[in-house]
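Work the whole structure out from these sequences, hints included.
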Amino acid sequence: MLSRRVAIVGISAFPFRVRHPHHTYYRMAYETTQRVLEDASLTIKDIDSSVYGIYNDFFERQFIPDIIVHDYVGMALKPGTRVTTGGATGGYAIRTAYMEVASGLSDVVLCLGVEKSNDCWDPETKDRTPELVKAIAYSSDSEFVRPLGSFPAASYVLPVRAHIEKFGNPTEESMARVSVKNHGNAIGNPFAQSPMKITVEDVLKSRYISEPFKKLDCCLYSEGAAAMILASEEKAKQICKNSGKEPIWITGIGAGNDTAFGGLRPDLWSLTSNLYASKQCYQMAKITDPLKELDVAELHDAFTGQEILSYEDCRFAKYGEGHKLIDEGIVAEGGKLPVNLSGGLIGCGHAVGATGIYQGTEIVRQLRGEARRQVPDAKKGFLHSVGGPVTAMCVCIIMERS
Amino acid sequence: MAKKMKKQPKKEKISDQEFVKQIEQLEESKDFHEYPDQMCINYIYSTGELSKFFKEIRDNERLFGTRCTKCGFGYFPPRIYCGKCYAPCEWEEISSKGQIVTGTITHFAVSTFTNRPKTTIAFIKMDDMDQLIRHTVIMNDEDCILENVKQGTRVKVKFKPKEEREGKITDFYFVLDK
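Chains H and E, in that order, are what the protein sequence lines are.
Reading the first sequence from the start, the letters are residues 1 to 402 in the numbering used here.
Reading the second sequence from the start, the letters are residues 403 to 580 in the numbering used here.
No lab work stands behind these hints, which were simulated from the structure alone.
All figures in this text were calculated on a predicted structure; none of them were measured in a lab.
Only true hints are included.
Below, simulated BS3-like cross-link-like pairs (lysine-lysine); rule was C-alpha separation at most 30 Å, straight line:
#, chain 1, residue 1, chain 2, residue 2
1, E, Lys552, E, Lys520
2, H, Lys78, E, Lys415
3, H, Lys134, E, Lys562
4, H, Lys166, E, Lys558
5, E, Lys552, H, Lys205
6, H, Lys324, H, Lys215
The structure is reproduced here in structure tokens:
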């Protein structure tokens with residue numbers, strides 16, 4: 001345990017949409033920073049340092065885009081660090097900001113995630129997604145994996161297939177229920193890209209992308225941003241007294257990165273990095289029975305089957321029994337542990353560097369009691385941020401209301 | 403010197419809904435500028451200590467893995483140090499046969515390897531090695547069903563014709579070993 005307690009004292013988000021052609025990434029960053037400062041009743045002068053979650057240089061068409069953001073949001077001559085850990089960029093950005101405050105290096109830190117993605121464009125086909133997926137493919141090993149034609153759905157479906165072969169589940173119906181839940185939860189969320197009222201049938205009828213994942217089992221890539229302000233205990237109390245917002249404490253953080261090659265993992269059916277990261281964060285927050293003790297969770301549901309496997313590795317369910325949580329409504333709104341009430345990645349979209357931070361802001365809203373699908377009297381929330389080759393990188397965070 | 407501006411009245415806080423509405427209104431207009439661009443760098447990439455692996459594929463149609471001298475773990479694709487034991491690995495020629503551990507059929511062609519809209523990607527355990535290699539299994543249409551991409555399906559390496567081999571991982575692929 002580090003020496004200083006750390007609280008989240010401000011949150012903001014910029015809507016996740018297919019494209020924001022009227023906004024450069026640094027303008028999205030600026031607007032999101034302005035909103036988070038408003039939320040905390042601070043000015044940029046009050047910020048000691050910043051952490052930027054920006055995933056892919058090809059997306060922004062810019063290497064070290066963080067210095068441009070840093071300048072644009074008015075942080076010149078202060079420290080700023082970029083974090084880029086694939087889909088786990090957001091979670092790792094929060095972890096880095098946490099370390100800056102807990103260590104005593106900074107008192108008030110801006111943690112900002114931003115991503116452009118759909119400027120990627122193939123002039124021959126006039127299509128965006130395959131070009132964007134090509135940009136992502138450079139995140140897989142260039143010697144042995146990328147040349148074979150790699151894309152995220154094919155990578156993330158493999159543990160799910162291994163799980164199906166071992167346990168006989170999750171079925172396509174269970175996965176479809178996750179899609180229905182998350183698309184449905186996004187309804188009414190102004191930041192969400194894909195709010196939809198759909199049925200299990202609709203999901204099952206959508207075309208295969210990577211068997212058994214179908215189109216509606218997959219999240220969409222988005223452009224968007226999200227931000228948090230983290231502060232030391234002393235500063236948090238001052239800031240929150242002034243803003244009238246409740247400080248939300250980070251009481252547990254765990255992280256773990258697995259092998260870069262899935263082929264080196266003995267249990268392909270388990271997302272082992274998720275198991276290690278969640279175990280570490282539960283230990284720090286003194287949680288022994290997450291399903292019982294947690295009130296709300298946001299999981300990295302890039303794909304429906306991945307959410308179900310995460311239930312098991314985050315120890316909400318025993319191995320082989322994760323599907324019961326969705327089949328029996330335990331993770332639905334009003335259930336024992338609602339998961340992805342924001343809509344998750346499937347409902348909100350995936351603005352990669354911003355995603356984990358955005359899901360974190362949704363946990364903060366729940367704990368403040370100002371969420372759209374409010375869990376009554378939510379006290380403890382869980383954030384799960386995953387990325388890298390075959391879910392190699394994972395950060396888990398526990399947030400609590402005092 | 404910058405012109406001294408009049409003091410602005412304090413901006414009123416707006417709700418999330420209002421904020422999003424303002425952005426959506428702005429984004430409705432088609433009046434923005436865009437131009438085509440690309441990020442592209444050429445390489446003559448050196449494969450370093452892995453050169454043997456690539457040269458043997460290209461020149462001799464032979465497959466080489468490596469084995470840790472301490473724990474005996476077989477790496478394929480090869481690496482010359484064992485990350486678990488911090489011991490060196492030794493080169494070892496391996497058989498071209500193995501079996502699928504898990505796999506999927508993809509319907510989204512991004513591959514530079516094949517233009518097939520339907521491709522099989524699988525983790526394959528070579529008979530002589532421990533690490534699984536993720537590779538492509540090329541099947542004809544009636545074979546390309548999930549039933550054939552399950553645990554235990556026997557596969558073998560097929561090399562591309564000599565004139566097509568470049569000393570890359572794409573110089574070979576897998577086929578069903580019927």
